[in-house]
Amino acid sequence: NAGVTQTPKFQVLKTGQSMTLQCAQDMNHNSMYWYRQDPGMGLRLIYYSASEGTTDKGEVPNGYNVSRLNKREFSLRLESAAPSQTSVYFCASSEGSGNTIYFGEGSWLTVV
Amino acid sequence: TQLLEQSPQFLSIQEGENLTVYCNSSSVFSSLQWYRQEPGEGPVLLVTVVTGGEVKKLKRLTFQFGDARKDSSLHITAAQPGDTGLYLCAGGETYKYIFGTGTRLKVLA
Numbered sequence: 106n107a108g109v110t111q112t113p114k115f116q117v118l119k120t121g122q123s124m125t126l127q128c129a130q131d132m133n134h135n136s137m138y139w140y141r142q143d144p145g146m147g148l149r150l151i152y153y154s155a156s157e158g159t160t161d162k163g164e165v166p167n168g169y170n171v172s173r174l175n176k177r178e179f180s181l182r183l184e185s186a187a188p189s190q191t192s193v194y195f196c197a198s199s200e201g202s203g204n205t206i207y208f209g210e211g212s213w214l215t216v217v
Numbered sequence: 002t003q004l005l006e007q008s009p010q011f012l013s014i015q016e017g018e019n020l021t022v023y024c025n026s027s028s029v030f031s032s033l034q035w036y037r038q039e040p041g042e043g044p045v046l047l048v049t050v051v052t053g054g055e056v057k058k059l060k061r062l063t064f065q066f067g068d069a070r071k072d073s074s075l076h077i078t079a080a081q082p083g084d085t086g087l088y089l090c091a092g093g094e095t096y097k098y099i100f101g102t103g104t105r106l107k108v109l110a
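Those protein sequence lines, which keep their order, are chains L and A.
In our numbering, each residue carries its 1-based index in the first sequence increased by 105.
In our numbering, each residue carries its 1-based index in the second sequence increased by 1.
Hints are computed from structural coordinates only; laboratory data are not their basis.
Since we're looking at a predicted model, the values are computed, not measured.
Incorrect hints may have been included.
Said to hold, decoys possible - Below, in silico cross-link-like pairs of lysine to aspartate or glutamate (EDC-like), each with a Cα-Cα straight-line distance of 16 Å or less:
| hint | chain 1 | residue 1 | chain 2 | residue 2 |
| --- | --- | --- | --- | --- |
| 1 | A | K107 | A | E18 |
| 2 | A | K60 | A | E94 |
| 3 | L | K114 | A | E42 |
| 4 | L | K162 | A | E94 |
| 5 | A | K97 | L | E200 |
| 6 | L | K176 | L | E157 |
| 7 | A | K97 | L | E164 |
| 8 | A | K97 | L | D161 |
Can you make the complete structure from the sequences, with help from the hints?
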């Protein structure tokens with residue numbers, strides 16, 4: 106009954122460090138997403154992958170890269186972390202456009 | 002640019018009271034979704050409304066999509082502490098769903 110699993114749950118980074126957030130879904134969904142959630146800003150789309158082999162920018166892609174490794178996995182990489190990237194990150198998946206989006210439990214990232 | 006504004010931002014009420022939260026936009030949406038998010042978890046879909054004027058009920062929760070498909074409301078009857086959480090509306094085209102900033106509801110026992 107896993108659904109969408111993301112790791113790590115918590116991470117503290119120093120400014121300039123790099124890290125990768127991992128995400129996997131076991132629902133055989135075609136589409137996957139990365140969002141960030143900040144107080145007063147709601148959820149904002151960073152990148153999405155409509156289907157295996159494709160990735161596209163969302164609303165706030167600067168400072169991030171993504172990889173759709175296969176149908177199950179979609180990773181988010183911060184190449185040089187900045188304090189402005191302190192946030193809660195959510196991975197999500199759906200069968201396709203307009204379908205129900207299922208979210209992971211979130212990854213709390215602090216950049217100091 | 003499509004935007005979704007939710008009101009109120011915060012709501013604290015006593016158990017048994019009724020409440021309504023709103024989701025408004027100047028843009029037309031083909032559908033709107035409502036999610037509830039509990040602390041430490043990701044949002045969970047409650048309902049999707051598609052047709053202008055549509056009303057959907059989920060136990061004590063009633064969702065309405067505006068006739069012009071620019072707004073939606075969520076009404077909770079006889080709120081319970083288990084209804085506590087962040088309520089988010091979302092909508093958009095293709096894969097680029099946008100989310101409102103949410104209404105944080107606290108129901109006191």
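Tested hints:
no. : hint               : result
1   : A/K107 with A/E18  : holds (12 Å)
2   : A/K60 with A/E94   : violated (29 Å)
3   : L/K114 with A/E42  : holds (11 Å)
4   : L/K162 with A/E94  : holds (14 Å)
5   : A/K97 with L/E200  : holds (14 Å)
6   : L/K176 with L/E157 : holds (5 Å)
7   : A/K97 with L/E164  : holds (8 Å)
8   : A/K97 with L/D161  : holds (10 Å)
When each numbered hint is compared with the structure, a violation occurs for hint 2 only.
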